[in-house]
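Participant: Chain residues, written in single-letter form:
Number of protein chains: 4
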Amino acid sequence: MNIFESHESTVRSYCRSFPVTFDRAEGSLMYGVDKRAYIDFFSGAGALNYGHNHPYLVEALTSYIAHSGVVHSLDLYTRAKERFLEQFVQTILIPHGMDYRLMFPGPTGANAVEAAMKLARKVTWRTNIAAFTGGFHGMTLGALAATANADKRAGAGVELGNIIRLPYDGFLGVDTDSIDVISALLETPGSGYDKPAAIIIETVQCEGGLHVAQSTFLQSIEALCHRLECLLIVDDIQAGCGRTGSFFSFSESGIQPDIICLSKSLSGLGLPLSMVLIRPEIDRWKPGEHNGTFRGHNYAFVTAAAALEFWRDNTFATQIMANASFLRSRLKEIQTANPTTISEVRGRGMVQGLVCRSASHGAAISKAAFEAGLIVETCGPQDEVVKLLPPLTIDHAVLDDGLSILSSAVCGIAKNERAA
Amino acid sequence: MNIFESHESTVRSYCRSFPVTFDRAEGSLMYGVDKRAYIDFFSGAGALNYGHNHPYLVEALTSYIAHSGVVHSLDLYTRAKERFLEQFVQTILIPHGMDYRLMFPGPTGANAVEAAMKLARKVTWRTNIAAFTGGFHGMTLGALAATANADKRAGAGVELGNIIRLPYDGFLGVDTDSIDVISALLETPGSGYDKPAAIIIETVQCEGGLHVAQSTFLQSIEALCHRLECLLIVDDIQAGCGRTGSFFSFSESGIQPDIICLSKSLSGLGLPLSMVLIRPEIDRWKPGEHNGTFRGHNYAFVTAAAALEFWRDNTFATQIMANASFLRSRLKEIQTANPTTISEVRGRGMVQGLVCRSASHGAAISKAAFEAGLIVETCGPQDEVVKLLPPLTIDHAVLDDGLSILSSAVCGIAKNERAA
Amino acid sequence: MNIFESHESTVRSYCRSFPVTFDRAEGSLMYGVDKRAYIDFFSGAGALNYGHNHPYLVEALTSYIAHSGVVHSLDLYTRAKERFLEQFVQTILIPHGMDYRLMFPGPTGANAVEAAMKLARKVTWRTNIAAFTGGFHGMTLGALAATANADKRAGAGVELGNIIRLPYDGFLGVDTDSIDVISALLETPGSGYDKPAAIIIETVQCEGGLHVAQSTFLQSIEALCHRLECLLIVDDIQAGCGRTGSFFSFSESGIQPDIICLSKSLSGLGLPLSMVLIRPEIDRWKPGEHNGTFRGHNYAFVTAAAALEFWRDNTFATQIMANASFLRSRLKEIQTANPTTISEVRGRGMVQGLVCRSASHGAAISKAAFEAGLIVETCGPQDEVVKLLPPLTIDHAVLDDGLSILSSAVCGIAKNERAA
Amino acid sequence: MNIFESHESTVRSYCRSFPVTFDRAEGSLMYGVDKRAYIDFFSGAGALNYGHNHPYLVEALTSYIAHSGVVHSLDLYTRAKERFLEQFVQTILIPHGMDYRLMFPGPTGANAVEAAMKLARKVTWRTNIAAFTGGFHGMTLGALAATANADKRAGAGVELGNIIRLPYDGFLGVDTDSIDVISALLETPGSGYDKPAAIIIETVQCEGGLHVAQSTFLQSIEALCHRLECLLIVDDIQAGCGRTGSFFSFSESGIQPDIICLSKSLSGLGLPLSMVLIRPEIDRWKPGEHNGTFRGHNYAFVTAAAALEFWRDNTFATQIMANASFLRSRLKEIQTANPTTISEVRGRGMVQGLVCRSASHGAAISKAAFEAGLIVETCGPQDEVVKLLPPLTIDHAVLDDGLSILSSAVCGIAKNERAA
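For the record, the sequence lines run as chains C, S, Y and R.
For what it's worth, my numbering labels the leading residue of the first sequence as 1, then goes sequentially.
For what it's worth, my numbering labels the leading residue of the second sequence as 1, then goes sequentially.
For what it's worth, my numbering labels the leading residue of the third sequence as 1, then goes sequentially.
For what it's worth, my numbering labels the leading residue of the fourth sequence as 1, then goes sequentially.
Take these hints with a grain of salt, some might be off.
With a straight-line cut-off of 30 Å between C-alpha atoms, the simulated DSSO-like cross-links for lysine-lysine are [stated by the list, open to error]: (1) K332/S to K367/S; (2) K286/R to K367/Y; (3) K286/Y to K367/R; (4) K367/Y to K152/Y; (5) K122/R to K152/Y.
No wet-lab data here; the hints were simulated from the structure.
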């Protein structure tokens, strides 16, 4: 029994699927203490969109450290934070024609969601937040209430209230448009649905099973928010920062959320950082009304500012879309070759997955792939979706290798099944 | 208007009191972009007990970066985490005769509190957590419910339930022992107080006004928890990691909490990290029941492991107590010299403060001190306490200088008042 | 200003629509202090199914009073209660082949609903109750949470939690079957809908706008409850006691609820009484776990026992159905004659209504009818439905007269509108 | 097994202590079906202050029935209600110099409490109601939250929130004044106690163990309410209507509550009726915002109006105080004679009790007394208090007889104990 098993809480999870002690990592590869390399199609659950230890980001951080830059600063002004603000405004907001205030609510995505929900309630004087079937927003009590997963919810130990649950795009099948049902429930007088303070949505449900909201759905939700005079919050924590091809996952839909939550790959290097973008009109926080010790994580500001270099022009976006196209075609091939095992390819951009007909196959494929040197996770309420989340910066050859390993793993499972 | 004022949310707070853009920091000093030095008696609200950029910690981190060590790993096993676990067990747990499981719930103190509260509810099948008047436990919805501050609570926008509020040690004045009232409320049949899942307590209320729980009070609370069959949670996020003289602030009382929350100075360098210590018998988490993207912040594991070197023997503790003794005597002198302005010296170890008779004097003293080159904050429900939280590693001369600045600031306020 | 206006709370409501002081009442007629007679199509909102002061019931009560029968008895055994129990078992339960325990939770319908919800939560260890759009279940905090009406909900002043709101039969229009949406929300893993303790339903939403649940819908809900292992509660407070033609409104659907709530016309004479029928297997109350001062209202037991005489054979049911058929045909005629004013005839049995195209017409019709000597109310979220709830015992001639008054009122409104 | 045991829910309670089927009742006597007489020291838990079937009240009701008076009227104006309003204003409000609006929220005390709590929340825009240790306010979800009894609370099956629990007068022992603790908790900035919408109090905790609030305590609570700008609600449901000697139990303290809840003996005859008195300035209900089917229970209005005759002059109050004085002296004698069994005589006016040293003795005394022909109940969290609640109209001889039976019962228990 190693020290993890003897001394770490039973709550540990991913290490159970990938029972190796990792030491080093570069680009799309992680290395165990035994120096074995693993292709990483997991990317820190979306926190490593630029791969491991990207030299440009490491260099920026190393310089900062050498300069004895301030590490921790609560919400004091620092040069590192100033640079990040300048870069973000210049590189992201202005080119997108967006006008938002930036809030650093603490370094986790859950903190961003909690802050967004608080602000929506404060601004609207309403208490309910509408969230979606399959949604995932974090583990702290406010964010957990908005999270759909039954096991996670059960951990709360108290009633998770003040949430209205709406059917996500496609949830009700092909014959029923979710937006019609949502509208009926929220807009019919006397329905019993109290008007929400906000609707919070992920454009792709990366934890909930890779369900994708179509642009038309997002537009309908935005219009509904206007009619209900409630806020639209996009939780772009996993789908943002380039995962779907553009910096914000909702850009292609043209919607203009009132609040946007970012985290995960925001710092670029995988350092804890989160940010809430707020339309200036609703930035009604009182000073210090939401605070936290690690709001001023300057290492993360430094690498986050450096990571924005990827977004200076369209090169990176173009590269992502090319990789995404290749990824999808290869997954389709795997599906076609294994129709009794894989029912569907789901997802968007560089977050795509294979939906297994049998929930247990998800774990089996992940396990087989890992044994062959590929880290790939599952998602969905029953872990029935094999989720691919490669670094956006992945070399084509490594992506290809990883997909070959995955293909073999799926075929192996399919063959075993036919034999059984 | 700088970019902070134009683009950062109005929620920003400390920067309003200390309106300088900081660039570098070393030991007990922070430097503005104009190179002016400030003595730091704030220490990142307790996240920088070992001072800024301690060379030993920076060196450990720099080596790790040079090695391309894994930065982000969710809860995968990494060499960096392994080393931290080994060090923590060897340096802290075994010498204290403590047997606990370690949980990494996400990098913030609030996350540690949320996890602790969840676990207590899960283990006991009860829903209420008892927390104290003046307590501060974080800003996410679960932790916020346990937090006493009215302004912070008001930010929630929803009812903060499932909390029982108990009077802290000394809260009811000298004639009424809080423990008697607590016992009556929680132990009298038919009182209407449902039995709590846990009692959560800070041994020093560092945000709530520097109230200190005596050892006898802590022992009585522990005994009460046993009688009620509820858990005892010590939130040692601000008072722990050496702030009061020993690694855990409760060691001198001899109590054995069921759950201990650590964060802030745990990483040593000010990097986001938190940890929950759990008695093995109640480590009943299901795998992944509480999770989070930044549980595996390896930079923080590296520096946290290095910081444990301070605790190899008693040298550091002895040094802290010497500093604390000097700090207290100087504060007492200031009080004695300004009896109409300062009513009391409060606190313990290296977290002590001056209680102002007029709430507005707290901010005035902080402001005057900052103009003279000292960063010192206020706390308490009306910011009436000037709170001193110098690095534990501070040089005697710097501590002395800082206190001289503070003394002048207080005298200046007192003089102005007499003139008025 | 009369004493009502000077001294009764502004909360008073029906008296604003029917501003007469009533003195006497017999059968389907109410008499003002000025001796003017009004035909009563309101029947105490369903509490007077057998009309006012039915001689048989009055005689039973008068005898009991003359005997000095116990009036108030908490839940002590009394001869009056014993007789009611015997009659109810013999006349209702045995002929219907039903096996239920009887609980008297207090004299109001809300109390019956609160008790039903408590028991469902207790038995299943779940906290949420699923209720329907348009549902009405009472004004106390538990029952109010299940009630859909926005104005009533707003009165709570606190968050109304622990309720899941489902679309009622027909709520989503003709193209979407509510049961499909309900099933998707409650039965899809990871939807975020926690399994409910019970589903509570009215077979006709007498307050919510006279929407009717089809038998197939009720059967589907019952099947769903079985799959979810949750309880089925029928709130038969307004639709029961014969209103739809049989003693229980759900009899024709063949479902077997786990819990049935009765009140309103249960006592026959309009005296406060309510009852909860509980399947024996789930009668897991501890003695006194739900109590109340007025559980033993013996006058109501006496008249309730007498009222069961109506159900000795099928005569009464046959008469109700004949009246209902006549009522519907006359309402259809009114609709046909006023297509621009009335959009639809809704309801079932002896609770039917005219749906106005303009919400304001509901009140106008009620007002005009009252001026012509007919008491008829409105319902629906915007009071857009003119609701007819005549005594079940009404003479054909009086029913005909009342409908003529109503017809004139509708025509008058329609004519005014055309003129406008 | 009789029909109660076979068909009534297991929730039934009092009938388990007094397993007789009662048939008739007059004055202070109840008669079983076997014609055996029992002296009633229980009085319908306070609903029968004027005894059973008082001829004056029965006569008023009989006349009304003979006149075919309206029985059920929702909140329509009726002659019966008008007379009650007139009488109440003339006989009670004007002589007391009180200016209140009258609200009829439904016929139960719980409904009055729910309405009072709703209104307080609505008027103050705050959510919490402060209630006391040992308080009892009803079984519906809002009222139950304010109720202290652990068994009753456990029946809810959901979290009972939005209540602050305060120590009642005397709860903290002789050395600690509850008001000091309450003031510290509610008035210290940063205590974590959110300001309440109202404080709800019983002047005597008739269910909670016969604890009595001194006039000075009530006055302090009133002053505190003014300072907190919250409402003062007196729940006078059990202690009002003459039980303590005056119509309102708080008259002697001189406080002026914002809201007063009455029920139980309000109708005089034991018929379901409740009423909320509201200071005109806070009567901000919207029409129909709180409603209910049985608000217009005219039989109860008729008997309630008749019962007010008792309060035309001081004769009745004088008689009550004489009886109360006799009652207390006899109970003191019993205590003196049985010091090892009875620890204390508690209560006020005509609600007094013997506190047993052993909780089990309460039930034993009640049982022995019943066997000897006396109905007397227990109260307190462990049923340790034998509670005497005789009709206020009881003849001296019957009171004396009942007390003799009680004395024998206590002595018998005491003797058994000494023998054991």
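Participant: Run through the hints listed earlier and report the numbers of any the structure violates, in increasing order.
Facilitator: Per hint list: zero violations.
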